[in-house]
Amino acid sequence: MLTTNKPYAVGIDIGGTNTVFGIVDARGSVVASNSIKTQKYLDVNEYIDELCKGLQSLIDEVGGVDKIKGIGIGAPNGNYYTGNIEFAPNLPWKGVIPLAELVTKKIGIPVNLTNDANAAAIGEMTYGAARGMKDFIMITLGTGVGSGIVINGQLVYGHDGFAGELGHVIVRKQNGRTCGCGRTGCLEAYASATGVARTAREFLEIRKDASLLRQIPANEITSKDVYEAAVAGDKLAQEIFEFTGSILGEAFADFVAFSAPEAIILFGGLSRAGDLIMNPIVNSMERSLLNIWKGKIKVLFSELKESDAAVLGASALGWEAK
Numbered sequence: 001m002l003t004t005n006k007p008y009a010v011g012i013d014i015g016g017t018n019t020v021f022g023i024v025d026a027r028g029s030v031v032a033s034n035s036i037k038t039q040k041y042l043d044v045n046e047y048i049d050e051l052c053k054g055l056q057s058l059i060d061e062v063g064g065v066d067k068i069k070g071i072g073i074g075a076p077n078g079n080y081y082t083g084n085i086e087f088a089p090n091l092p093w094k095g096v097i098p099l100a101e102l103v104t105k106k107i108g109i110p111v112n113l114t115n116d117a118n119a120a121a122i123g124e125m126t127y128g129a130a131r132g133m134k135d136f137i138m139i140t141l142g143t144g145v146g147s148g149i150v151i152n153g154q155l156v157y158g159h160d161g162f163a164g165e166l167g168h169v170i171v172r173k174q175n176g177r178t179c180g181c182g183r184t185g186c187l188e189a190y191a192s193a194t195g196v197a198r199t200a201r202e203f204l205e206i207r208k209d210a211s212l213l214r215q216i217p218a219n220e221i222t223s224k225d226v227y228e229a230a231v232a233g234d235k236l237a238q239e240i241f242e243f244t245g246s247i248l249g250e251a252f253a254d255f256v257a258f259s260a261p262e263a264i265i266l267f268g269g270l271s272r273a274g275d276l277i278m279n280p281i282v283n284s285m286e287r288s289l290l291n292i293w294k295g296k297i298k299v300l301f302s303e304l305k306e307s308d309a310a311v312l313g314a315s316a317l318g319w320e321a322k
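As numbered in the numbering used here, residues 1 to 322 make up the sequence shown, in order.
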């Protein structure tokens, strides 16, 4: 992996809200990092210009492009086989975006790209809670719900590069919410940060009981607001987390049925809710599991700093770039 003349790789994590990028050495240390707002750039070329400008300044800090082995990118709907982002519902650019090719042309370094949750799974397997595990599922709870599935030590890509879209498993078959992907009833529409905010608005409209959340205009409520209210003892906010965790737990029981993972690892902004989200997930999952798996499946929080997991995982692809 490490060569004397190219001791670094770049990892880029493109999220629905922020893009975080960093320079990583062969020991897995993020030696420099920065970020830009993904949603700020409605034109993908403007986004790439800004990303490469920020990246170039980090590259210059470590001695220039000659010191970089390659760039790895984790992105929603990122296709490992083609290097394209394809029809990502939570990104501002629609259709098929040849991102790896565009970044390579702009900055002159070879690029590999994969799904953002797959990148996080690689980071967790190499440096975090999944060290030593051969079978686990990484669930990213952010703007959307992503997943990286590892079976027998290998990431599952499927024949077309898109295996593991567990955020778009349908969890409500009747009267389900419309998802950003265009379908109805997807897990992402309920268990993402945006899904939690939607649940809050629904609860506030249906229910009449007092809540700290009523002090915030309904269309401005975020999952962070719900968390802060729940921590302050707000019963309605706590019930929102119970509702969200219950749906996740039921879905996890289904995921266990097809891959029998040792653990399901939670990563992303919503996982910061700690026991507020973990307890209802575990209780619901255990209720829903087949007997052969009851009490055997661990649900864990990521052991890596949120920005580092995906950047480190993406950078692992950078070492392989040619």
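Just so you know, not all the hints are guaranteed correct.
Taking lysine to any residue pairs in the SDA-like style, the calculated list, with each CA pair at most 20 Å apart, reads [stated by the list, open to error]: (1) Lys305 to Ser271; (2) Lys296 to Met278; (3) Lys305 to Arg27; (4) Lys67 to Ala32; (5) Lys106 to Asp49; (6) Lys208 to Glu239; (7) Lys296 to Phe258; (8) Lys53 to Arg27; (9) Lys305 to Val30; (10) Lys106 to Asn152; (11) Lys106 to Asp43; (12) Lys37 to Cys52; (13) Lys105 to Phe162; (14) Lys94 to Phe162; (15) Lys94 to Thr178; (16) Lys6 to Gln39; (17) Lys296 to Asn152; (18) Lys94 to Ser33; (19) Lys6 to Ala32; (20) Lys235 to Glu205; (21) Lys296 to Gly108; (22) Lys53 to Gly70; (23) Lys208 to Leu236; (24) Lys224 to Glu250; (25) Lys106 to Leu42; (26) Lys53 to Gly28; (27) Lys296 to Leu42; (28) Lys298 to Leu236; (29) Lys53 to Gly108; (30) Lys298 to Glu250.
The hints are simulated quantities; they were obtained by calculation from the structure and are not laboratory data.
Each hint tested on the structure:
1. Of the pairs offered as hints, the one joining Lys305 and Ser271 holds, with about 12 Å between alpha carbons and a cut-off of 20 Å not exceeded.
2. Between Lys296 and Met278, the direct Cα distance comes to roughly 16 Å. Compliance with the 20 Å bound is thereby established for this hinted pair.
3. With a C-alpha separation of about 16 Å, the suggested pairing of Lys305 with Arg27 holds against the 20 Å cut-off.
4. A hinted pair counts as satisfied when its Cα atoms are at most 20 Å apart, and Lys67 with Ala32 qualifies at roughly 14 Å.
5. Of the pairs offered as hints, the one joining Lys106 and Asp49 holds, with about 8 Å between alpha carbons and a cut-off of 20 Å not exceeded.
6. The suggested pairing of Lys208 with Glu239 holds, with an alpha-carbon distance near 14 Å, which does not exceed 20 Å.
7. For the hint pairing Lys296 with Phe258, the CA-to-CA distance comes to about 15 Å; that is within 20 Å, so the pair holds.
8. For the hint pairing Lys53 with Arg27, the CA-to-CA distance comes to about 26 Å; that exceeds 20 Å, so the pair is violated.
9. Proposed proximity of Lys305 and Val30 is supported: the alpha carbons are some 11 Å apart, at most 20 Å.
10. Our distance criterion of 20 Å between C-alpha atoms is broken by Lys106 and Asn152, whose separation comes to about 37 Å.
11. Under the criterion of a C-alpha separation no larger than 20 Å, the hint pairing Lys106 with Asp43 is consistent with the structure, at around 15 Å.
12. As the CA atoms of Lys37 and Cys52 are separated by approximately 13 Å, the hinted pair is consistent with the 20 Å bound.
13. In summary, the hint linking Lys105 to Phe162 is not supported, as the alpha carbons are separated by about 25 Å, beyond the 20 Å threshold.
14. The straight-line distance between the Cα atoms of Lys94 and Phe162 is roughly 17 Å, inside the 20 Å bound, and the hint therefore holds.
15. Of the pairs offered as hints, the one joining Lys94 and Thr178 holds, with about 18 Å between alpha carbons and a cut-off of 20 Å not exceeded.
16. At most 20 Å may separate the alpha-carbon atoms for a hinted pair to count; Lys6 and Gln39 exceed this at roughly 33 Å.
17. Only pairs whose Cα atoms come within 20 Å are accepted, and Lys296 paired with Asn152 is accepted, the gap being roughly 18 Å.
18. As the CA atoms of Lys94 and Ser33 are separated by approximately 27 Å, the hinted pair breaks the 20 Å bound.
19. Between the alpha carbons of Lys6 and Ala32 the distance comes to roughly 16 Å, so the proposed pair stays at or under 20 Å and holds.
20. In summary, the hint linking Lys235 to Glu205 is supported, as the alpha carbons are separated by about 15 Å, within the 20 Å threshold.
21. Distance restraint check for Lys296 and Gly108: the Cα-Cα separation of roughly 48 Å exceeds the 20 Å cut-off, and the hinted pair is therefore not satisfied.
22. As the CA atoms of Lys53 and Gly70 are separated by approximately 17 Å, the hinted pair is consistent with the 20 Å bound.
23. At roughly 10 Å between alpha-carbon atoms, Lys208 and Leu236 fall within 20 Å of each other, so this suggested pair holds.
24. For the hint linking Lys224 to Glu250, the alpha-carbon distance of about 24 Å lies beyond 20 Å, and the restraint is violated.
25. Between the alpha carbons of Lys106 and Leu42 the distance comes to roughly 18 Å, so the proposed pair stays at or under 20 Å and holds.
26. Proximity of Lys53 to Gly28 is assessed by CA-CA distance (about 24 Å); at most 20 Å being required, the pair is judged violated.
27. With a CA separation close to 45 Å, the supplied pair Lys296 and Leu42 exceeds the 20 Å bound.
28. Taking the CA atoms of Lys298 and Leu236, the gap is near 28 Å; set against the 20 Å cutoff, the hint is violated.
29. Restraint check for Lys53 and Gly108: the C-alpha separation of about 13 Å stays at or below 20 Å, so the hint holds.
30. Proximity of Lys298 to Glu250 is assessed by CA-CA distance (about 15 Å); at most 20 Å being required, the pair is judged to hold.
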